[in-house]
Amino acid sequence: MSCQLAILCLLTLLLPLLSRGAPMSPAERITQAYNLALSMQENMSTLLQTYLQAQGSPFSDPGFSAPELQLSSLPPADISFKTWNALDDGERLSRVQGAFLALSQHLQLVGDDQRDLNPDNPILLAQLRDARLRAQGMLGNVAAIMTALGLPNPRAEDTVGLVPFGASAFEQKCRGYIVIREYGQWTDRAVRDLALFKAKYPL
Amino acid sequence: MLFQIQISRMKTSNVIWVGNYSTVVKRDPVLHWSWKSELPLECATHFVRMRSRVDDAKIPEPRFWSNWSSWKEADAQKSLGRDPLFLFPKDKLVEEGSNVTICYISRNQQDNISCYLEGQQIHGEQLDSNVSAFKLNKVSFIRKTGTNIFCKVDQKDVIKGIVLFVSKVLEEPKDFSCETQDFKTLMCTWDPGTDTSLPKRSSQSYTLFESFSGKKILCEHKNSCNWQVDSDSQEMYNFTLMAENALGNRSVSVLFSLTHRVHPKTPYNLFLKNVSGTKATVTWKVHPIGNYSTLLCQLDLLGEGNVIQQHNVSIKENGEYLLSELEPDTEYMARVRCADANHFWKWSGSISQKFVTAEAAPSEALDVWRNVKSVSGHPTVTLFWKPLSKLHANGKILSYNVIVENLDRPSRLEVHSVPATANGTELTLDQYSYQIHVTALNSAGPSPASVIVVSGDPGNEEAEEERINGTEDGFSVSWKPQSRKAIGYVVEWCDHPQDLPCDLQWKNLSSNTTSTVISSGAFRPGVRYNFRIYEISTERMANLLEKKAGYLKELAPSDNPQVVVSNLTSHSFTLSWKDYSTDSQPGFIQGYYVYLRSKAEKECHPGFKKATLSDKSACCQHRIDNPEQKTFVMENLQPESVYEFLVTPYTSAGSGPVDTFTKVTTPDEYSHILIRIILPMIICVLLIMITCYLKSQWMKEKCYPDIPDPYKSNVLSLIKSKENPHLTIMNVSDCVPDAIEVIHKPEGSKIQFLGASKSLTETEFTKPAYLYLLPAEKNYSGPGPCICFENLTYNEAAADSGSCGHFPVTPQAPPSQPGPLTSPENLLKALEKNYMNSLGEIAAGEASVNYVSQLASQMSGDKDGLPTNPPEPVHCSEYKMQMAIPLGLASPPPAENSGLSSTTPLDQSEHYR
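Protein sequences, first through last, are from chains A and B. With the UniProt record's numbering as the guide, the letters of the first sequence map in order to residues 1 to 203. With the UniProt record's numbering as the guide, the letters of the second sequence map in order to residues 1 to 913.
Next comes chain A alone, as it looks inside the complex:
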């Protein structure tokens, strides 16, 4: 029931992307994207916890954290405040767009990995699928904002092509952890970016 409700909400948020009805103002699009980012933020901790619990020790150990694990194919969400503050609208949105493009592709990869590693864990697989759909939704929302603001929309790139497919099971588990962790960090950054736009382009 709750799963169906979540999909319904998701569809509501994604609906503007699919419909070609009356054009929305930039502020409305920003608000919509902001609400989606908040929704993603709410589900983040659950997704991470579900994922880590399914991987076994050391991932499932209490307080597990491995910041040293990085994935070169994912743009880092960390940025100095000065740099972040100095970003113009186009750069800010294109970085978010690029990140969620990479994240959506990586979440697809993680979903595939977990289908092999945890085929009997439908909750995890569903949460990964939802996360991927949300990342794609954010991608669309940001693209719509850029269009509404008259900013150039960069062409989508294939980022996962750089990911090694011959990863071992342990590497897959680590990769999934990094992707979900970065997904969370980029979601936080997107909330902050969109809050800035929301203030800048009020309804």
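No wet-lab data here; the hints were simulated from the structure. Treat the hints loosely; a few may be bogus.
[Stated by the list, open to error] Label pairs and their in silico Cβ distance ranges:
#1 Glu68/A x Ser79/B: 22 to 32 Å
#2 Ser203/B x Leu149/A: 47 to 57 Å
#3 Ile123/A x Asn318/B: 53 to 63 Å
#4 Ser203/B x Ala167/A: 19 to 29 Å
#5 Tyr21/B x Ile123/A: 44 to 54 Å
[To be verified] Footprint (simulated), chain B over chain A, 3 or more residues, beta carbon under 8 Å:
#6 51-65
#7 108-121
#8 166-179
We treat Cβ as the ideally placed atom computed from N, Cα and C, and that holds for glycine.
On the provided structure of chain A, position chain B as indicated by the hints.
Chain B alone, transformed into the frame defined by chain A:
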């Protein structure tokens, strides 16, 4: 050719394995041989070399080995990247319980590396400066997603890991067997045991191989496989089932003849026909097996879940059987299953059908009992009967018929129909004997009649009650037969004697029985059960034989009687509890304990003994052994003392609660005496006072009249008899007053009159003054026509003065007239004034009396209840001469009279003095 292979590790001299490999070498041979290293090859450099020798029997000995080949090096580390840490083997699949060796390769010798298996640190063996190996013995299955092993470089936040996929051990298939239902298909089934499948690994598979035909199939399911029987030619089958997974295989075989593995299909079309009360026909069909096969079918008849009948029927295709000895109106189930009649292998599945037999008339008479009582002078019979059991009812009871026949006077039979829901009925009869027939009716007919005879005259229903003891099994009741004509006995009791209705129960017993055990789930300890034993005569009339009463288990009384205290005296009181019923107690009351305690008395009274209560306090206890003695007199008590008492009954199980004592305080010893004396005295005084009040006028006339009658004076009679017999009473008409004695009294002595009469005799009358009223005799001093007398009831001193004929006037003047009375004018004025006052004070009736008395007119005024002036204090009680004053005298006398009366108010008490 035979090849000998040597494998070294780390260095060529360290040979760790030597083995032979024999194969047929053909032209242009490329031979393949593999070897599995326990230690991952990435962990250390391995070397291999070999030599060969001809291994052909055709070639005669001696056969020589070739030279060793050069060492071939296998160094997997060279192909590793630049990562600081590597862990091997990656994603290895092992069986649970096996031993596994893992290793890590570090690029930096200085690094301190620690490794963990599921959070537990593991310690290994260092192979060289960069490589350490860990041997894991008997690895256990943790989860399907694998066991994580990881190593990390301290201080560098480098983490590397592997996943060891531990599989459950593949088990040998159990209960492997094959059978056919139609000689066309063989169904082989087995129990696969534990599932060994893992993620990313193919699951275990099952292959069926038949050795006679050489056919082999891969089974689609993990626990069954279908084998097609090609033709009728093959009778014997030898199947091998092989289970296989990535780590190994297990197999099991079975050899059988096809005809011995026939498992027929479940029969169908099971019907019941011609179902009567006791019989029914069952028909069913089976699927044919081959052309000549015969099936053995088992027909079960079930009632209430239990198999009642079982029949075996051999059939080809259609089955039929007649079931008999069935009970009417009973639900049954017919169940059929079949097997190969020639070679029994397995029963087919079962088919079943429920059916209900038809109803029949009830087979047994009702068990009827009665209770006769008199209501408004008419004998009323309450009939009770027990519902027929399902076995005897043979159907749904629709109603009960009660037929009443008068035995003493031929008359029409009374027929009563009682609804099926009732278990009894009530009949009002006359003073005759009646025979009552009771039958139960269902749709098929009536039951045999149950006959009971009731007499309108209840007769003697009393019998001596005997006590019996209950046991865990119930009450053992026995009786003595009274006559030999008894056809049976009935024991009657109530399951709930304290309730209304009491749930009457009865038990029928045969004539040769003289005892029975009455048991009931309703029996409870502490409840008195009364049993009545009746003898059933040949006329089917019940006569009371004996009465029994008993307890399943006697209990101690739970309540104490309500005790009334009476006859309370200073030394005793009486306790009584006559309302206490001994019959409704939780045990046979054997008597009572009377407890008494007092702070005043330390010793117990005779008949009492000391007892200690549960609260450790001491008291005195007296035991009454007669349960019907419900009074007790406490004697020899102390007056004005507080006593506490308690009466508690006791049974064989103990006494009642000893908790709440009642306080009684004995009264004072003399109080009753005082009450006996003082009360009558008070009543007497009151009576006297009331009498005096009512007779006051009479008393006054008799004892102290306002004007005493000298003739009636006792003094006179006394004087006459003792002193002067000639003394006579002065006649008023004879006495002519001639002078008024005026007493001059100084003003200062007036105060003395207020308090003491004593002064009268001493000082006041020093100088009497006389006022002569008769002018003819101015100096009259001796006895004259005036007769003097002594009024002894008054002041004797004044009487003795010898001033006969003189009237001493009270020297009292009203306060309003302070002037001296020395002159006649003043005196007359004063008298006149006083007279006028006196007229106003005296009542009308009295004012007409012509006597002037010294007695205060105030008295008469008081007694009449009409006081005109407030009573004045008596100033003196001096002597006053009495005299009669004729009405025809001159005007001064009224003034004189009034002056006398008004100035001499006497207190009543003075007269009695």
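Structure-based check of all given hints:
1. With their beta carbons about 25 Å apart, Glu68/A and Ser79/B fall inside the hinted range of 22 to 32 Å.
2. Between Ser203/B and Leu149/A the C-beta distance comes to about 54 Å, which sits within the given range of 47 to 57 Å.
3. Between Ile123/A and Asn318/B the beta carbons are some 57 Å apart, a value that agrees with the proposed interval 53 to 63 Å.
4. Our hint of 19 to 29 Å for Ser203/B and Ala167/A holds, since their Cβ atoms are close to 23 Å apart.
5. As the Cβ distance of Tyr21/B to Ile123/A is approximately 51 Å, the hint placing it in 44 to 54 Å holds.
6. Residues of the region 51-65 of chain A with a Cβ under 8 Å from some Cβ of chain B number 7, which satisfies the need for three, so the listed coverage holds.
7. Only when three residues or more bring their CB closer than 8 Å to a CB of chain B does the claim for the region 108-121 of chain A stand; here the count is 5, and the claim holds.
8. Three residues within the 8 Å Cβ limit are the bar, and the region 166-179 of chain A against chain B gives 5, so the coverage statement holds.
Consistency note: the structure conflicts with none of the earlier hints.
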